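J.: Mind docking chain S with the ligand on chain C? Use the hints.
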Amino acid sequence: MLNYIIRRLVMLIPVLLGVSILTFSMIHMIPGDPARSMLGTKANEKALTELREELGLNDPYLVQYGKFLGDLAQGDLGTSFKTKAPVSDELESRLPATIELTLFAMAIAMVVGVLAGVISAVKQYSWFDNLSMTGALFGVSIPIFWLGLMMIWLFSVKLGWLPASGRLSSGVEIEAITHFYLLDSILTLNWSGFADVFKHLLMPGVALATIPMAIIALMTRSSMLEVMNQDYIRTADAKGLATYLVVFQHALKNAFLPVLTVIGLQFGFLLGGAVLTETIFSWPGIGRFVLQSILARDYPVVQSTILVIAVIFVFVNLITDILYKYIDPRISLD
Amino acid sequence: MEQEPILQVENLHTHFFTKSGVVKAVDGVSFDIKPGETLGIVGESGSGKSITAMSIMRLIKDPPGKIVDGRVLFKGENLLEKSKKEMRSIRGNQISMVFQDPMTSLNPVFTVEKQMVETIQTHRKVSKKEAIDRAVELLDLVGIPSARSRLKSYPHEFSGGMRQRVMIALALSCDPEVLIADEPTTALDVTIQAQILELLERLQKELGMAIVMITHDLGVVAEVCDRVMVMYAGKPVEFSEVTELFDHPKHPYTWGLMSSIPQIKNRQDRLEAISGLPPDLRDLPQGCSFAPRCKHAMDKCHEVDPAFREHIPAHHVRCLLYEEKEEVTT
Ligand code: SF4
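Line order of the protein sequences matches chains C and S.
Numbered by our numbering, the letters in the first sequence go through residues 1 to 334 in order.
Numbered by our numbering, the letters in the second sequence go through residues 1 to 330 in order.
In case anyone wonders, no lab produced these hints; they're calculated from the structure.
As a list, the in silico PhoX-like pairs of lysine-lysine whose alpha-carbon atoms are at most 25 Å apart: (1) S:Lys205 with S:Lys75; (2) S:Lys114 with C:Lys325; (3) C:Lys123 with S:Lys61; (4) S:Lys114 with C:Lys253; (5) S:Lys66 with C:Lys123; (6) C:Lys123 with S:Lys82; (7) S:Lys128 with S:Lys114; (8) S:Lys61 with S:Lys24; (9) C:Lys325 with S:Lys152; (10) S:Lys19 with C:Lys123; (11) C:Lys253 with S:Lys61; (12) C:Lys199 with C:Lys158; (13) C:Lys46 with C:Lys82; (14) C:Lys123 with S:Lys85; (15) S:Lys152 with C:Lys253; (16) S:Lys84 with S:Lys66; (17) C:Lys123 with S:Lys84; (18) S:Lys125 with S:Lys114; (19) S:Lys128 with C:Lys253; (20) S:Lys34 with S:Lys82; (21) S:Lys129 with S:Lys114.
Here the structure is a predicted model, which is why all the values come from computation and not from measurement.
With the rest of the complex left out, here is chain C (with noise of 0.2 Å):
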């Protein structure tokens, strides 16, 4: 298994290289001058020139390419353009705001989702079935965009329920630790902060919830069926097990392989920023985040970004592999 790991993670270096040189060439190639975007349209040939020298954008694209490496192997992720700010201190509280986001989508997503799909299956054809099927064809077709805007017209204009943009109302103080807020004000016993952070949560979780969560469920509904039929859950209900028994342990755990990859998928999906829920709700995490640094042309930052994106999209790929050998005994990982 430790094997295994260290294989898996020796191979992350060519992926990474492979990574960082296509954002590389993508961001050079796509037209617009940072120097103009930080000076603005009226800014005299003069300053910008100077610009561009401070900033390196005169030299050789290898040049960059080979500081921009070379600054990566020292753990430096560059200094973006716009804030002069190391891109690791902006990345600080973004990558965990991301982070909490998508766990708490994902968490939704499975927990509804899985429970969906094995009523569904057990209750093939029943009034539940039907609903929640359908429920999930709209599910997987419904623009994010326009139901996240429907739920804050709903709950934030018209009931003033939920806040409808950013992590905190103004106001709310939580001490830092992780930068994940709901742990932080749980490690703070800081409760009203804990409320607040959780109101925050929830439209932008549903909504992100939303697609992964109708794929889940179809997926865990056929993959239930299929094996709602196989002979040792035959056997296991001729040995008399409570039917809880067989559905949620017998049948659930064979079933779940296929559930697993995609949920692997979509976590890796939702950490590489959701832009578009980011953006309607304000959002201040890593997708947001990468799509102002293109439009700024800040290259470091969405260089690096797109890099630890990368390594995230990766590990999380690792735990579903460590996962599936976990549920499936007869999987080898060699």
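T.: Just chain S with the ligand, lined up with the frame of chain C:
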């Protein structure tokens, strides 16, 4: 001394209500079995023998399946009137089952220990440790070497024969009074088949349970059974003591089965001596169901459905060859 039967099946009818029609998978089956006895149920696939077993266990999937008529008396109580919960406390406890394919009948993602312990703890109020000890005892009993250390293994770490031994151990966990074995050797190699049959015979002598042996193979019946029921198209067609059946087979279908008993070396060739296919159970031919394949079919066989009659004491046959002339015409 006449012993009371432990299990009596009376006039069992199990039908499947499908879109393309009603499949009468089991259509009037009756038999009884005494403690310590082995009853064989023989027939081709689709003859209703497995559905009979599943009906006794109340494991028929509903819908589309339904037990539409009959009684299944276990120690005098009708299992078909039991609640689901009562049935669960009987299954795997007093009546248990061994299935055909040991490769797929054990859950691949749980250890043997987990699968055995959960069965024992479902039916007996014992601690986990006691359940584990019992599991070791059972694996010993069915001849699995170094039982305790094998408990932590997963099914795929056992060979086919060993897995079937695990299945048998599982079925025996709670000292069942009736063991239903549904083609327990069909999926196994010939040499392993013999070992498993020997094991079942030995266990029966030691534990005294009744065994319902479901098979397509008269060779298996000859080896282990006391009495045998031959089924065709959901109905019993012949029923007698095993020696009587082999000495004086009466039904043309049984003759076919006999001539197709394979030699030990190629037991895999199944029943090829009977030409034709089993009938479509949604649309049985008029008269005797076997008539389209019967070498001895007469004109009346296509019109009159023969009754299941005791033509000689303790030997039932469903065939017009043995009917009195007058009876047929009425
Ligand atoms: S009744 Fe006629 S067709 Fe049926 S088995 Fe007897 S002889 Fe053959």
